[in-house]
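Taken in order, these protein sequences are the chains called F and S. Using the UniProt record's numbering, you'd call the opening residue of the first sequence number 1 and step up by one each time. Using the UniProt record's numbering, you'd call the opening residue of the second sequence number 1 and step up by one each time.
No false leads were mixed into what you were given.
Per label pair, the in silico range of CB-to-CB distance:
| # | chain 1 | residue 1 | chain 2 | residue 2 | range |
| --- | --- | --- | --- | --- | --- |
| 1 | S | F34 | F | I149 | 23 to 29 Å |
| 2 | S | A27 | F | L148 | 22 to 28 Å |
| 3 | S | Q38 | F | D10 | 48 to 54 Å |
| 4 | F | R107 | S | F34 | 25 to 31 Å |
| 5 | S | I193 | F | P110 | 50 to 56 Å |
| 6 | S | V220 | F | Q12 | 40 to 46 Å |
| 7 | F | D151 | S | A210 | 54 to 60 Å |
| 8 | S | R37 | F | V203 | 47 to 53 Å |
| 9 | S | G209 | F | D151 | 53 to 59 Å |
| 10 | F | D128 | S | V220 | 41 to 47 Å |
| 11 | F | I149 | S | R174 | 32 to 38 Å |
| 12 | F | R201 | S | D14 | 30 to 36 Å |
| 13 | F | T45 | S | A210 | 50 to 56 Å |
It is worth saying that the hints were derived from the structure and are not from the lab. Predicted, not measured: the structure shown is a model, and the values here were computed from it. All C-beta atoms, glycine included, are put in the ideal place defined by N, C-alpha and C.
The primary structure of each chain is shown beneath.
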Amino acid sequence: MSEPLLQAVDLQCERDERILFRDLSFSILPGTVTRVEGPNGSGKTTLLRMLAGLNDAWSGSLLWCGKPRSAQREEFLRNTLYLGHRPGIKPLLTPMENLRALTAGRRPLPEPVLREALDGTGLTWFQDVPCRNLSAGQQRRVALARLLIADEPLWLLDEVFTAIDSGGVSAIEDLLQQRAAEGGAVVVTTHHDLNLPGMQRIVLGGGAANEC
Amino acid sequence: MNADCRPALTLRQDTVGALAAMQAVFARDMKVAFRQRQDLLNPLLFFVMVVTLFPLGVSPEVSFLREAGAGILWVAALLSVLLSLDHLFRHDFDDGTLEQLVLQPQPLFLLVLAKTAAHWVLTGLPLVVLTPVLGVMVHLDGNSIGVLCLTLLIGTPVLSLIGSIGAALTLGLRSAGVLLSLLIIPLYIPVLIFGTGTVASAAEGAPVGAYLALMGAFLVLALTLAPFASAAALRISLSNG
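Between the sequences and the hints, there should be enough to build the whole structure, so can you do that?
The structure is reproduced here in structure tokens:
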């Protein structure tokens, strides 16, 4: 049995005096895809931001590789890739400049590798166009290009299929599955009908939450 | 599908150095700013306009301008830095790059320091460069202009650094402008007093070493403490976002 990358114990989160979820416990194992499900406003994004380390307003404990995450923050950040529903793309920069800026603080990659990643998302002809001239879907593809070159074992993807066309959706599904096969762990929230074999589910909503 | 038999991806132990990450943040901010040059001109135009309107509105007398000139320039510089502060983190917050900045496996205060440095180079430094021209316009003598430039050169980074705390704290708010000013102005007052005091003392021919040393102390204090405070404030603002 491989050790869980991330382990949540008795998570509880309150927002606007409403309990989003309580007693939420789950483990993210290497080689799995986990889907966070629930209706709008059930706290999917909040949970993902908690897991990513952006939201600190929660109680319970999060363990990274068996030890409390707060004690090894940099270790955790180094091995986690978070894509929020704000894509993190500067409208004034080109896809290439954006990708370079996003990877520079983690693992700088040579230009051909970045170019290849952008090619892989179908942005070959848009590499030198400022991102504000791109469509919403194309902007998301710039952010998703990071997945093609990411070596972080844990991916946290919030609404990853938003504004992506059907061809792109199936490419992402394949990518997630391939990632799990390589031993990476993926946590996604989506309203898209995602059904991968062996997928773990975390169901939120109704004030209480259960792991299925 | 069995998770046990797959090769696990190895956890990464190393990452790029903090200095390289800071350079990347600085370079990106510069690039973004130069793609939107009209935003760069705003604080400069404000600075020039306030200083040119004073002789028209109050008095064009040489004696008045010589006495009040340094104060006018300092106040105008302070206000124009204050005006530009809201942009420091706001755009990054809106497009999500700030989230990615906070999640970089780097000490956040260093990245914030790099962003603040870019802010100073883009707003504070041009003000210092313009000061000799405007100094001549308000009839300051050469010695005073030199000292004024020096105080602004030491003082404007302090303004940017202190301002970054306020900008980070008010990030999650809709109308942050008023609150930002209320938070920051009291902290700017000592810098203003010593900045103009230095020039006044130089105009009387008195030594200014002690004043400059005190301003240098402000700069060191802001440089060592403000990035930590801004980084903590950014975390709080993002936590609510």
